[in-house]
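> Letter by letter, the chains look like this.
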Amino acid sequence: MNQFKNILKMDLVNLFTNPMWIFYTTAFPYILALIFGFLAKDSYSSTVTSYDFYGITTMIYSALNAATLAANSFMEKDIKGPNMRLIYAPVPSFIIHFSKVIATVIFTTVCYTAVMLLLHLTVNVNYGGSNAIYLWLLMVLVELFSAAFSVMLCCVLKTEEAVNQIISFFITIMALLGGVFFPMDGLGKTVAAVSNLSPLQWIATTAFQIIYDRNFNLLLPSCFILIVLSIICILLSKKLFRTEDFI
Amino acid sequence: MEPILSIQNLEKSYKNKKVIKDISFDVKKGEILCILGPNGAGKSTTINILTGALDYEHGLIQSEKENVHDHIRTFKNRLGIVPQDIALYEELSAEQNINFFASLYGLKGRNLKKQCDAALAFAGLSDRRKDKVKTYSGGMKRRLNIACAIAHQPEILIMDEPTVGIDPQSRNHILDSIKKLRSQGMTIIYTTHYMEEVEEISTRIMIMDDGRIIAGGTKEELKEHVNEEKLYHIDVDQTERLNEQEFYHIEGIKHVNISKSYVELSALKSVENLDRIIAVFIQNQTKINSISCEATSLETVFLRLTGKSLRD
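Read top to bottom, the protein sequences are chains A and B.
So in my numbering, spot 45 of the first sequence is number 45, and the numbers just go up one at a time.
In short: position in the second sequence from 1, add 1000, done, that's my numbering.
Keep in mind the hints are simulated off the structure, nothing from the lab.
Since the model is a prediction, treat every value here as computed from it, not as a measurement.
Some hints here could point you the wrong way.
What the hints assert, rightly or not - Derived pair list, reagent style DSBU-like, types lysine-lysine, alpha-carbon separation capped at 35 Å:
1) B:Lys1017 - A:Lys239
2) A:Lys5 - B:Lys1134
3) A:Lys77 - B:Lys1132
4) B:Lys1141 - A:Lys5
5) A:Lys9 - B:Lys1108
6) A:Lys158 - B:Lys1018
7) B:Lys1018 - A:Lys238
8) A:Lys80 - B:Lys1260
9) A:Lys9 - B:Lys1134
10) B:Lys1018 - B:Lys1065
11) B:Lys1269 - B:Lys1065
12) A:Lys238 - B:Lys1132
13) A:Lys158 - B:Lys1134
14) B:Lys1017 - A:Lys5
15) B:Lys1141 - A:Lys9
16) B:Lys1065 - A:Lys238
17) B:Lys1015 - A:Lys158
18) A:Lys158 - B:Lys1130
19) A:Lys238 - B:Lys1108
20) B:Lys1113 - A:Lys77
21) A:Lys9 - B:Lys1130
22) B:Lys1021 - A:Lys158
23) A:Lys77 - B:Lys1065
24) B:Lys1017 - A:Lys77
25) B:Lys1141 - A:Lys238
26) A:Lys5 - B:Lys1108
27) B:Lys1017 - A:Lys158
28) B:Lys1028 - B:Lys1065
Excised from the complex, chain A in its bound form (with noise of 0.2 Å):
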């Protein structure tokens, strides 16, 4: 257990340290949700602004963001030496990898939190009043999946090039699909219908139904989805993890 802290407190310093990483966490969703808010104003009601919409959408698109981080802090060129030490220490490799999910979740947590109550006391954006703790609870799980899912494919793919590139794409055609840059709703049925696809899209609609309708039904199942499909990939990186690729 002192080991898992030790490692855990090791991973957040190097999150926290690394200026592009606060800057991808923080500034870059804030930005991207007032310029979509802006360019989108005049297609919004007053009830729901876009503002509010975007708040959402690109909040939930950062945390599927979290995969990119998860995979930087697991094989990045500079981390992986140091990390080449924890596998001759006598540490058990299971936290080697685990520790990265735990870190990146807690890392993007506290950024993203950030980032809501600013958007929350400066475009006013709502999420749901004192409902918005099962919203955060939402976000945090989305983190806890999209971390575990890059540390799984790292120890499928073994480069951290190789799966943020394929990250990059998925988590692009999920926010499209998803109407995260706008919605598909106008778009004809069909474009509607595959837009359902994207994990997204459920979970977007999950969030809208807490904050506008008080519509916890969708809740629980996305929640326990989302922790059984992140347990499955912290258990395949147990078993995939092999010590001789990070030598």
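Position chain B against the provided structure of chain A, taking the given hints into account.
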């Protein structure tokens, strides 16, 4: 001396290609065992197997009569590893790096601080302890790389080419440190392809090539292998017209190495054949710039045993 580590019939393959071919050797307590070999000889693979980082298909590694892979975490506690690449957190200070890596071996509190101070002093970095590693020179990083491996006071220190790409001053510091560690009772396994380092620090040498151990022993024992030979080094203007076989026809020639601008010939000491060697150059219209005849060195031993120069 009793063996602290015993390796028997070790074999390892990558993608159906055998890279370690049935090697067996002992590491004796308190010795500096230098594993010498050119790039790709299998040195790093061998030591990565010893550290438990790489699996192997066949063989047995024993310490104190126990299979180390049955108690791998206990065994890892007894090891200190200096990897070939610098393995440090660049954004952290030397002190933070040592503290973190030593803590993984169970050190904490006052003991951790004490060992961290000792490791920093050992590496000559006490006055730069708070500076970020990214501000260090290549030599300082190499020294810190070693300090991180010894802070928990391992019984066995495994060093994989720890002096690659550093200045002579840092190299001397590292070699002196290794001798000091040995005097404190540490057993050291040291891989390198620098012959002069082996000459300076080794108590025993193991020469590897193409995944095999081709010779082993003390410096003196290895030199004895080729004691009956001498080495001619002949600088020439070009070697295009020369053919190895012509030299092998000369009585007493044991080995020929033709490079771009020089020829090296191992020859029996007892046979006088210099006139016939020179005749080959004259016949092939190759101008000789200089000839020297050297006594047996480890380089000669290596050349004789592997048929190639260490830095090839």
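> All the hints need checking, so say for each whether the structure fits it.
Okay, the hints, checked on the actual structure:
1. Between the alpha carbons of Lys1017 (chain B) and Lys239 (chain A) the distance comes to roughly 25 Å, so the proposed pair stays at or under 35 Å and holds.
2. Among the hinted pairs, Lys5 (chain A) with Lys1134 (chain B) is consistent with the structure: their alpha-carbon atoms are about 25 Å apart, no more than 35 Å.
3. Between Lys77 (chain A) and Lys1132 (chain B), the direct Cα distance comes to roughly 18 Å. Compliance with the 35 Å bound is thereby established for this hinted pair.
4. For a cut-off of 35 Å, the pair hint linking Lys1141 (chain B) to Lys5 (chain A) stands: about 26 Å separates their Cα positions.
5. A distance of roughly 15 Å separates the Cα atoms of Lys9 (chain A) and Lys1108 (chain B); the hinted pair therefore holds under the 35 Å criterion.
6. At roughly 22 Å between alpha-carbon atoms, Lys158 (chain A) and Lys1018 (chain B) fall within 35 Å of each other, so this suggested pair holds.
7. For a cut-off of 35 Å, the pair hint linking Lys1018 (chain B) to Lys238 (chain A) stands: about 27 Å separates their Cα positions.
8. Annotation: proposed proximity of Lys80 (chain A) to Lys1260 (chain B) is violated, straight-line Cα distance about 40 Å (limit 35 Å).
9. The suggested pairing of Lys9 (chain A) with Lys1134 (chain B) holds, with an alpha-carbon distance near 20 Å, which does not exceed 35 Å.
10. In summary, the hint linking Lys1018 (chain B) to Lys1065 (chain B) is supported, as the alpha carbons are separated by about 27 Å, within the 35 Å threshold.
11. Among the hinted pairs, Lys1269 (chain B) with Lys1065 (chain B) is inconsistent with the structure: their alpha-carbon atoms are about 45 Å apart, more than 35 Å.
12. Between Lys238 (chain A) and Lys1132 (chain B) the CA atoms are separated by roughly 33 Å; this keeps the pair inside 35 Å, and the hint holds.
13. For the proposed pair Lys158 (chain A) and Lys1134 (chain B), the alpha carbon gap of about 26 Å is at most 35 Å, so the pair holds.
14. A threshold of 35 Å between alpha carbons decides the hint, and for Lys1017 (chain B) with Lys5 (chain A) the separation of about 40 Å lies outside it, so the pair is violated.
15. Restraint check for Lys1141 (chain B) and Lys9 (chain A): the C-alpha separation of about 23 Å stays at or below 35 Å, so the hint holds.
16. Annotation: proposed proximity of Lys1065 (chain B) to Lys238 (chain A) holds, straight-line Cα distance about 31 Å (limit 35 Å).
17. A threshold of 35 Å between alpha carbons decides the hint, and for Lys1015 (chain B) with Lys158 (chain A) the separation of about 16 Å falls inside it, so the pair holds.
18. As the CA atoms of Lys158 (chain A) and Lys1130 (chain B) are separated by approximately 34 Å, the hinted pair is consistent with the 35 Å bound.
19. Between Lys238 (chain A) and Lys1108 (chain B) the alpha-carbon distance is near 28 Å, which keeps this suggested pair within the 35 Å criterion.
20. Using a Cα cut-off of 35 Å, the hinted pair Lys1113 (chain B) and Lys77 (chain A) holds, with the two alpha carbons roughly 29 Å apart.
21. For the hint pairing Lys9 (chain A) with Lys1130 (chain B), the CA-to-CA distance comes to about 19 Å; that is within 35 Å, so the pair holds.
22. Distance hint between Lys1021 (chain B) and Lys158 (chain A) is fulfilled; the C-alpha atoms sit about 27 Å from each other, no more than 35 Å.
23. With a C-alpha separation of about 39 Å, the suggested pairing of Lys77 (chain A) with Lys1065 (chain B) is violated against the 35 Å cut-off.
24. Annotation: proposed proximity of Lys1017 (chain B) to Lys77 (chain A) holds, straight-line Cα distance about 28 Å (limit 35 Å).
25. For the suggested pair Lys1141 (chain B) and Lys238 (chain A), the alpha carbons sit about 32 Å apart, so the restraint of at most 35 Å is met.
26. Of the supplied pair hints, the one linking Lys5 (chain A) and Lys1108 (chain B) holds, its CA atoms being roughly 13 Å apart against a limit of 35 Å.
27. For a cut-off of 35 Å, the pair hint linking Lys1017 (chain B) to Lys158 (chain A) stands: about 21 Å separates their Cα positions.
28. With a C-alpha separation of about 13 Å, the suggested pair Lys1028 (chain B) and Lys1065 (chain B) falls inside the 35 Å cut-off, and the hint holds.
Violated hints, listed in ascending order, are 8, 11, 14 and 23; each of the other numbered hints is respected by the structure.
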